[in-house]
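Engineer: Take these sequences, add in the hints, and give me the full structure.
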Amino acid sequence: MSVEQLLGRDSFIERGARSRAQALLDAGTMRELAGPFERLHSPWLAMQHLVTQADDGVIVAKGRLDGRPTVVLAIEGAFQGGSMGEIGAAKIAGALELALRDHERGIPTQAVIVFETGGVRLQEANLGLAGIAEIQSAIVALRRHVPVIGVSAGSVGCYGGMSIAAGLCSWFVMTREARLGLNGPQVIEQEAGAAEFDSRQRALIWGLTGGEQRVAARLADACVDDDTAAVRATLVDLFARGLPAVHRSDRAADFLACLERVDTTRQATAQDVRDLYSKGLE
Amino acid sequence: MMAANTNHASRGAMWLRLLTGSAHPAHDWTTVHACDAILAGRPARYIAVVPDPDNAFPRARNGEVGLVEGWRLASAVREVIALDADTDDKRAIVAVIDVPSQAYGRREEAYGIHQALAGAVAAYADARQAGHPVIGLIVGLAMSGAFLAHGYQADRLIALDDPAVAVHAMGKASAARVTLRSVEALEKLAASVPPMAYDLRSFASLGILDQILPLTNLALPDEQDIALVHGALEAALADIEGDPRRGLERRLRGEHRGASRRVRELLAAQWEDAD
Chain A
0 MSVEQLLGRD
10 SFIERGARSR
20 AQALLDAGTM
30 RELAGPFERL
40 HSPWLAMQHL
50 VTQADDGVIV
60 AKGRLDGRPT
70 VVLAIEGAFQ
80 GGSMGEIGAA
90 KIAGALELAL
100 RDHERGIPTQ
110 AVIVFETGGV
120 RLQEANLGLA
130 GIAEIQSAIV
140 ALRRHVPVIG
150 VSAGSVGCYG
160 GMSIAAGLCS
170 WFVMTREARL
180 GLNGPQVIEQ
190 EAGAAEFDSR
200 QRALIWGLTG
210 GEQRVAARLA
220 DACVDDDTAA
230 VRATLVDLFA
240 RGLPAVHRSD
250 RAADFLACLE
260 RVDTTRQATA
270 QDVRDLYSKG
280 LE
Chain B
0 MMAANTNHAS
10 RGAMWLRLLT
20 GSAHPAHDWT
30 TVHACDAILA
40 GRPARYIAVV
50 PDPDNAFPRA
60 RNGEVGLVEG
70 WRLASAVREV
80 IALDADTDDK
90 RAIVAVIDVP
100 SQAYGRREEA
110 YGIHQALAGA
120 VAAYADARQA
130 GHPVIGLIVG
140 LAMSGAFLAH
150 GYQADRLIAL
160 DDPAVAVHAM
170 GKASAARVTL
180 RSVEALEKLA
190 ASVPPMAYDL
200 RSFASLGILD
210 QILPLTNLAL
220 PDEQDIALVH
230 GALEAALADI
240 EGDPRRGLER
250 RLRGEHRGAS
260 RRVRELLAAQ
270 WEDAD
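Which chain is which? The protein sequence lines are A and B, in order.
Each residue of the first sequence is one higher than the last, beginning at 0 in numbering that gives the first Met the number 0.
Each residue of the second sequence is one higher than the last, beginning at 0 in numbering that gives the first Met the number 0.
A hint or two may mislead.
[To be verified] Cβ pair distances, simulated, as ranges:
(1) B/181 <-> A/50: 19 to 25 Å
(2) A/242 <-> B/181: 18 to 24 Å
(3) B/222 <-> A/192: 43 to 49 Å
(4) A/206 <-> B/222: 52 to 58 Å
(5) B/221 <-> A/194: 41 to 47 Å
Everything labelled a hint here was simulated from the structure, so no lab data went into it.
All C-beta atoms, glycine included, are put in the ideal place defined by N, C-alpha and C.
Structural biologist: Okay, here's the thing in structure tokens:
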């Protein structure tokens with residue numbers, strides 16, 4: 000990106016979840032469902048005297064993308080780290096279930112999920128996990144009909160059970176600033192020690208799990224600049240491509256063949272992963 | 000984290016053996032055992048993740064679901080889907096669940112463990128949605144991402160009534176660190192906030208667990224215990240086959256799922272008006 004482009008760009012990362020959803024949909028088409036005026040405060044956070052939010056940090060936005068009926072599910076990373084509690088997860092799962100019902104009625108509603116999440120909201124532990132399982136089930140059911148596209152822009156990234164949901168998406172779009180991984184660096188350090196993963200080493204974290212690396216290693220499909228128009232254009236292109244021949248999650252044989260070749264006696268480098276998967280996942 | 004190196008880590012292997020009459024595994028995989036045996040007079044596939052102290056991936060030696068385990072779970076389930084692709088008589092899949100956690104490691108993140116677990120989740124969800132009755136039997140730990148990958152997509156979940164059986168989103172030490180609490184404070188909250196609890200009855204109040212089975216001899220189950228578990232699996236199978244739905248919506252009937260129900264009602268009421 001040149002200096003002029005940088006100054007002129009419309010950052011996607013700096014937008015909140017509602018603004019992201021609005022910017023992705025065609026101008027004037029967005030309608031928010033189960034919005035903040037429904038006052039969907041988490042009963043579980045309130046019980047623990049923690050701050051709640053009237054939309055529980057998830058925006059359900061219906062509208063059109065390049066003229067096609069689309070639902071955008073955008074997670075607000077600024078509220079409780081984008082963590083999934085009962086209500087937020089029910090908003091995503093419930094909307095995906097209704098998109099599936101649309102298909103059964105001949106309406107080809109497609110879905111975008113904007114992942115900005117640390118995973119399960121630990122203050123709602125088992126209900127967050129249950130909600131994520133329901134989101135996962137709904138993605139698998141809907142992606143038989145139409146692409147479900149995931150986006151992670153940063154700065155939170157996409158972790159925990161929601162990274163597994165990301166792995167179910169038909170296509171996955173990232174910026175360089177986003178990270179995608181199952182276990183957050185702090186949790187790995189807690190469970191396995193700093194020698195295994197030093198959570199203060201930012202270069203290590205982005206080098207292994209950042210957007211540029213994930214796309215180079217074929218674990219994501221597009222690395223875009225932090226520019227709202229670029230993110231939107233990438234989504235339009237990917238929806239136009241339709242469903243992948245085989246979803247990434249359904250390539251067990253290819254991944255297992257790759258993993259057999261890994262030298263597990265030493266730690267992995269970013270280049271190791273790129274080399275392995277660029278050959279094995281062609 | 001709960002100690003994964005105690006011998007309860009082999010509960011999955013033990014129950015797989017007991018329920019399948021020591022059937023020979025379908026593959027020579029060391030950490031994912033898939034055994035074919037009879038359930039209610041028809042073929043069924045039983046799957047467990049088991050420890051392997053010599054696993055090439057050092058962070059997945061105590062029964063954790065790692066990279067290879069995720070993809071092998073996916074393979075074990077997809078084989079069954081392929082076998083019955085041309086028949087409406089879909090065989091049952093029983094996930095025997097004893098998973099202390101997903102594998103926590105640098106190699107795992109680098110090579111995309113989230114994608115491996117997605118492979119397993121997609122396979123189980125596809126199997127259920129294609130009409131395979133999927134039953135999860137919790138015989139030990141059912142933790143976090145490992146549970147999502149192995150069992151959470153089941154039509155029905157059954158747990159043994161045993162203090163060693165626990166279900167949760169994260170081990171206590173890590174959960175305390177992430178939520179900026181002490182382990183003691185976390186335990187105190189877990190006692191009063193149902194979704195935070197680590198015990199089975201609280202879990203059942205969330206609508207996710209269908210049955211808790213009291214056994215007489217937990218360490219070394221006798222014939223009566225095994226018959227009780229078999230009976231519960233057969234009853235779950237009959238219950239699934241009598242229900243045309245293949246989604247997870249029955250979980251929403253749980254006592255503590257009121258907010259989930261309200262959100263879905265609102266979405267359904269507003270969905271078409273939004274066009």
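Engineer: Now tell me if each hint is right for this structure.
Structural biologist: Evaluated hints:
1. B/181 <-> A/50: 19 to 25 Å: The hint (19 to 25 Å, Cβ to Cβ) holds, given that residue 181 of chain B and residue 50 of chain A are roughly 20 Å apart.
2. A/242 <-> B/181: 18 to 24 Å: violated (48 Å)
3. B/222 <-> A/192: 43 to 49 Å: holds (45 Å)
4. A/206 <-> B/222: 52 to 58 Å: Since the Cβ atoms of residue 206 of chain A and residue 222 of chain B sit about 56 Å apart, the hinted range of 52 to 58 Å holds.
5. B/221 <-> A/194: 41 to 47 Å: About 45 Å separates the Cβ atoms of residue 221 of chain B and residue 194 of chain A, which means 41 to 47 Å holds.
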